[in-house]
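One letter stands for each residue in the lines below.
There are 6 protein chains.
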Amino acid sequence: MNARTLAKTLTQVVDELTRPESYKDLYHEHSNGVPLPSGEVLQKIIDLARGIIFPGYYGRSCINTTTLEYQLGVDLDQLYHLLVGQIQAGLSFSNFEEDMAVFAAYSKRTVCMEIRRMAEERAERFIAQLPELRRVLATDVVAAFNGDPAAKNYAEIISCYPVIKELTIYRMAHILWGLDVPLIPRMLTEMGHSETGIDIHPGATIGEYFTIDHGTGVVIGETSVIGNNVKLYQGVTLGAKSFPLDEEGNPIKGIARHPILEDHVIVYSNASILGRITIGRGAVIGGNIWVTHDVAAGESITQKA
Amino acid sequence: MNARTLAKTLTQVVDELTRPESYKDLYHEHSNGVPLPSGEVLQKIIDLARGIIFPGYYGRSCINTTTLEYQLGVDLDQLYHLLVGQIQAGLSFSNFEEDMAVFAAYSKRTVCMEIRRMAEERAERFIAQLPELRRVLATDVVAAFNGDPAAKNYAEIISCYPVIKELTIYRMAHILWGLDVPLIPRMLTEMGHSETGIDIHPGATIGEYFTIDHGTGVVIGETSVIGNNVKLYQGVTLGAKSFPLDEEGNPIKGIARHPILEDHVIVYSNASILGRITIGRGAVIGGNIWVTHDVAAGESITQKA
Amino acid sequence: MNARTLAKTLTQVVDELTRPESYKDLYHEHSNGVPLPSGEVLQKIIDLARGIIFPGYYGRSCINTTTLEYQLGVDLDQLYHLLVGQIQAGLSFSNFEEDMAVFAAYSKRTVCMEIRRMAEERAERFIAQLPELRRVLATDVVAAFNGDPAAKNYAEIISCYPVIKELTIYRMAHILWGLDVPLIPRMLTEMGHSETGIDIHPGATIGEYFTIDHGTGVVIGETSVIGNNVKLYQGVTLGAKSFPLDEEGNPIKGIARHPILEDHVIVYSNASILGRITIGRGAVIGGNIWVTHDVAAGESITQKA
Amino acid sequence: MNARTLAKTLTQVVDELTRPESYKDLYHEHSNGVPLPSGEVLQKIIDLARGIIFPGYYGRSCINTTTLEYQLGVDLDQLYHLLVGQIQAGLSFSNFEEDMAVFAAYSKRTVCMEIRRMAEERAERFIAQLPELRRVLATDVVAAFNGDPAAKNYAEIISCYPVIKELTIYRMAHILWGLDVPLIPRMLTEMGHSETGIDIHPGATIGEYFTIDHGTGVVIGETSVIGNNVKLYQGVTLGAKSFPLDEEGNPIKGIARHPILEDHVIVYSNASILGRITIGRGAVIGGNIWVTHDVAAGESITQKA
Amino acid sequence: MNARTLAKTLTQVVDELTRPESYKDLYHEHSNGVPLPSGEVLQKIIDLARGIIFPGYYGRSCINTTTLEYQLGVDLDQLYHLLVGQIQAGLSFSNFEEDMAVFAAYSKRTVCMEIRRMAEERAERFIAQLPELRRVLATDVVAAFNGDPAAKNYAEIISCYPVIKELTIYRMAHILWGLDVPLIPRMLTEMGHSETGIDIHPGATIGEYFTIDHGTGVVIGETSVIGNNVKLYQGVTLGAKSFPLDEEGNPIKGIARHPILEDHVIVYSNASILGRITIGRGAVIGGNIWVTHDVAAGESITQKA
Amino acid sequence: MNARTLAKTLTQVVDELTRPESYKDLYHEHSNGVPLPSGEVLQKIIDLARGIIFPGYYGRSCINTTTLEYQLGVDLDQLYHLLVGQIQAGLSFSNFEEDMAVFAAYSKRTVCMEIRRMAEERAERFIAQLPELRRVLATDVVAAFNGDPAAKNYAEIISCYPVIKELTIYRMAHILWGLDVPLIPRMLTEMGHSETGIDIHPGATIGEYFTIDHGTGVVIGETSVIGNNVKLYQGVTLGAKSFPLDEEGNPIKGIARHPILEDHVIVYSNASILGRITIGRGAVIGGNIWVTHDVAAGESITQKA
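Listed in order, the protein sequences are those of chains A, U, F, H, P and B.
Residues are numbered in the numbering used here as their position in the first sequence, beginning at 1, plus a constant of 6.
Residues are numbered in the numbering used here as their position in the second sequence, beginning at 1, plus a constant of 6.
Residues are numbered in the numbering used here as their position in the third sequence, beginning at 1, plus a constant of 6.
Residues are numbered in the numbering used here as their position in the fourth sequence, beginning at 1, plus a constant of 6.
Residues are numbered in the numbering used here as their position in the fifth sequence, beginning at 1, plus a constant of 6.
Residues are numbered in the numbering used here as their position in the sixth sequence, beginning at 1, plus a constant of 6.
Since the hints were made in silico from the structure, they are not lab data.
Model, not experiment: these values are computed from the prediction.
Treat the hints with care, as some may be off.
A pair holds if it fits inside one copy or across any two, identical chains being indistinguishable in the list.
Stated by the list, open to error - Derived lysine-lysine pairs resembling BS3-like cross-links, with alpha carbons at most 27 Å apart: (1) Lys-50 <-> Lys-158; (2) Lys-259 <-> Lys-30; (3) Lys-259 <-> Lys-247; (4) Lys-14 <-> Lys-50; (5) Lys-247 <-> Lys-158; (6) Lys-30 <-> Lys-14.
Given these sequences and hints, build the entire structure.
Here is the structure:
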């Protein structure tokens, strides 16, 4: 094997890989030349948001009350601009022209401008919800602290606990999900999943004072509904039991298929709760068990020993 | 404690740590001066491969059919050169001279040149298998999409789903494993393990249309054999039940000790399947259970409630 | 929505987010202007320590016995200086002045200088324990190698295995925990948790020749005590069963509430061992089970099939 | 001076610096939100162009004839995209709407789109001129080699000589100048000026086989005209002698006011040639002198000793 | 030559270079452990100051009147903190304890705290002078524009012209010089010298509406005094003619030895004006000449042709 | 102009630029695949050498006598390895096989190994000369300090003065020149030229206690010979007056054609000294003049006023 055979191999592999049938479903080129949302920029967005919500813990290390206003102003401005770019990328990415008949008669350039306008509007709406986002995350910090005797103070919760890192991302993603931003909410929660081992779908609905201890392996599915003051442990699954197929044998999308957990529910480690069932207020689910039927309020169920 | 005692402490710790008996098994210096495979370079290799296999989703963001050929050419060329360096490092790292009696009579420099030649040959063979690698990964994308009602389109699968990130790495590592490249396949799959929480040994054999939902905590052992159209959920273990020890009490390496899953098997979350058993075609294994015996084709087994 | 409304939104959100009641528990400003411990610097500290303990595997790639002394000298010196800065940050971060009545009469500047002195002293003590740290980690390498038939050599263990990455961090964090360094031990172990999926509290006590196979999802609580030659598999929890509340309904901190595992215990995947119970010498705990009572030495318990 | 006075000082200085009259001529905000051309991106453009023109000397270090086509394709594609962005920035920057009455009736968005179209067209024209650009630069390499007995080979000329670094930039900038791209040509030549000490205005006209020895301090003004085979030494000025003022006392822009050097002229170090004079074919101008009148073809003039 | 001789060479060179007599005047270790001012941080300081003075041209590219206040606030805050660190380094660097008898009785720690306080005070004074600094630089921009028929608009002056880059640095350095900050003013002006080829000593006094055309090779000595509306061309030297030696043959420091240029003076390229002479109001000095005597107001002198 | 014409333009320009006749003299591909010396690595080499020679001023900022030995050891080791790579690149770059008949009969691989061996030998010789290099540079620091009344202390000289930055590079390059290392000495001195405006050919011979004030525009040609205690000012040229051509009209290389300056010579700003003439001991050359004949010892010559 020498330089000549190498050149031949390279050329041949390039040829094979550039055959359209070889990449048809694996290739993305949007007609308006806007690239995909970028993992690197989304990470920057997460970092900015963490710094805005938890000043002094994340983001700029030298912060004080004199300059807090300047710093929030600059960070919010940058967050807004990064979000506009990413939301525009997300909107361009989805099969937008097909989805929205309203654009049918528009030129490509006009569609591109309209997408830009929509991105600006949604980014602004996201910014406007940050104070409420911070308020709710503050309740999660309280819940994490109260739920762990090992925690020394709020500072340890905010700077170390995976649940807070993940909920900051999930709650941001959930706002974007509510604003019909495509793709980005899922990219964000998968970034949180990789960082913390906690996999929360951005479509899930989660109340205040929520916490997850340790967290690795937790899965919370798209149509889950979680009340206030709920606590999960590591490895808990809130999943679908099965899902109906359409006539072509493909899963039907969008059906409510994950559990409802009412207020003050506790689920211990590695329990799996599956299907559109309801776990009643204050119920306790023991570890390592498999639950596929409703559990009444206040009830406790555990593994048969 | 002052500057003088600090200097003394530093000097003394340096002395202790440079005593050969303190580092004898923890220290790597290959005689030919080639450094170890580098995590940083391997990450670059993963990034390049993802960009080649999923153009526009990973790698260069500005891609179009005009320039696709140029870009694949450049990326393959760089991938080849990085691989040569890393494979050379991996080969130098293993106890090569001991292993291969053929080199016994060679000078150090000649061994070094021969290792280089072997690295070039294996890197070229890896490159030649990329079109087939892409073809199989395309089936995994289809499986992930069909298996998840929450998935909106292939694009979401390719850009977000941990199973695709992990399988890209595992399938690359498995090719290198087949080419007898030391160490690198394991380094690659542990990098994927850290990123996705899915731990697949590069020696495992996995068919087409394979998918894992969520994925955190999945373990697939070295001698596992998985057919086509198999689906796993988070937390599933395909492990060894026990392993025989040799006369000195050390585990005997290389014995088939992990399960065989035939086509169309489904395994639900946190199930553990252990030992060289066979799960027959179309069998369904329920969550949170512990399976150590064969399961017949088409059978379903679940946790006792 | 146009530039004017955007400006208004930004200004308004800045106003809301700078209201002290909105950030009171989420904001950190230490009175002496020392920033928090930094994740980036702690990562550098981890990298340096790995290079010092496993020369040639981590850290500088071009290492040889001639220059080993120079390189350890430089790396220890840098490690010391980074540690002083981080420990100082950690000490400043805790409510130091409240905690230590001895400082009550001191001026702010004097407290700041005293904290610096304490940081220097603790960093030096940490450095002094590195030779012992290396000795114990060498036993962990042996345990990981003996416990896994898939492992080819020590080199693979050291450069790939998550358990070694995690134990290096945990054992460093445990030393700092013993030196009463606030916050940093938990930050370190959560960094390891994110990298490896293994969550070990720095307060846990762990003997020699310890190993964890695969590791994802393992949780080892603050007051756990683990003997020598213990082996865990992925998903194992050593947790608290419940914790007493004080009069205000908050968990009482600092009570021994996690299990004791004596020498030569094995715990299989996804088992949960909860509460201040004792698993006797040589006991074997099967997978996916929930253990809340003592297990006698030599006993084996498994899931009811 | 304490924290309170510092806060006051900061606030007051911010107030003063945000008064519009304090920054009116020093501040740039284009109405369409396009930022200025970026020095960082222009440096990337220079680096790409050098790599395209002198393959193997600049740009990618691992180049060979097999992959040259791929690499040029990728680099040209990137160069094109970077240029479009920068030219768009340059066009947006100039007082475009005022300058071009044709846009008077357009909306802001339409102007923005039209500017984009113009930028794409000019970037493409620039790309189309690269082969000719390379041809001319090759003559400059020959001239530099023939003009310096210290030069060992063309490689030394290409990789070391400031004149080649500067001429690559100047000749690029001159093409952009000819395409009526605002600001960028001057930014490019000032970047070359900073790197090499040679200050060539992009409006100057320079023939083939041009060289400058050493180069520091050379100035070549906007309306200079230089023939073929001309050689300058360090410190030479081709400047204006004086310039007429308009009725308001401001210099009148755009008048031919710099010298014409015909073919085969040589000018020695630190000579100053000023005003719209002609230095005839083959004339030689000695060092450290001040020339303000025509010099006949073939004549030599030197400092009076 | 082999590994053994290399190890010996390295060891021997280390030995020679660590002999104190070999580095006694070339080595810097301040007793309080504060490092030297850092070129990298000073560059950051220059970049911040340019962005504050010329918003939109330097620094943040996305700036608008809504966020200008936030951005200046953040940038000034960062500038202040970087300056405190560098001034502290500069003060620690000088032989402070020797210079200032007032510290004689202080402990090392107290001196260190006092230096910190002085650094904070001087940094704040510097910040307070920024509005005036901007006002004067605005006059320099006008002068550069009026002095060059090739300049299209203020924007080109601000973003391209070396004279503005250099004067921004010089005028900052001159303020620090006036605040008795050691070393940093000279480091700053040498950084400008390297970037622009213009060498202005921070001690020089320069009026408003000052400009230098092209600039390479200009030297303006420490005790030069320049009035308003003065214009220089490239290569001009304002130097010392000679300097008296003290009894030991060393030059006596601090004597006024450079020229005085009154208002409205013009000096053409490569002229050298040497010694404490006065060039009277409105005088014109021709190029390439050597001037060592006073020139009367309104007079023109040129090279003998 | 649209996407189709752009694709066509790109393809066509790639075609033109890949025609071998278009790049024949502008393209570098060494047959053994070793890339060219790298500007980036050479800059790292300069930075390392400055840190080794002037500890505490350049390189690591936290240095003290305890750790100086460790730090020099590590830095020298790294300097050696970087140099080996660059010298190997330089040797591979020159037309080595043509130049050295001795290699005629060797295989490519053997030549490559032999070049490596030569590179290692020369790098080691360079390292061995560092103590002498430092000794001579210390004399240059003294000369710069004594020659400038504005200099406050050695520290200012070492950390700010361009002459010291340039002489560190020149003296390194001169050693490599003496070791017959191709290309790199010229690359190094052109890097210094760009940084300082001082252009010294690495072949020039320069004695101790040498200094250049300000420096911009100084040119010192390849065959110049400079004694001890010589001082130059900015803009001085030590150049060739003319150079003989060979039969083909090309300049004959390698002839002594630059001036000799004996001990204690002073040359003022912008003077040009040309040809193989001798400026005798203690002579003084005035500014802005053109000298082409010998000047006797002790003589002073100046511009005719």
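Within, between, both or neither: Lys-30, Lys-14 at alpha-carbon 27 Å: Classified as both: same-chain Cα gap 25 Å, cross-chain 23 Å, threshold 27 Å.
Intra- versus inter-subunit Cα pairing at 27 Å for Lys-14 with Lys-50: between (42 Å within a copy, 24 Å between copies)
Within, between, both or neither: Lys-259, Lys-247 at alpha-carbon 27 Å: Within one copy only: 14 Å inside a chain, 39 Å across chains, cut-off 27 Å.
Alpha-carbon proximity between Lys-50 and Lys-158, which holds within one copy, between copies, both or neither at 27 Å: Answer is between; shortest inter-copy Cα gap is 25 Å, intra-copy 29 Å.
Intra/inter-copy verdict for Lys-247 and Lys-158 if alpha-carbon distance must be at most 27 Å: Result: close only across copies, 20 Å inter versus 39 Å intra.
Up to 27 Å CA-CA - Lys-30 versus Lys-259, copy category: Classified as within: same-chain Cα gap 23 Å, cross-chain 43 Å, threshold 27 Å.
Checked against the numbered hints above, the structure breaks none of them.
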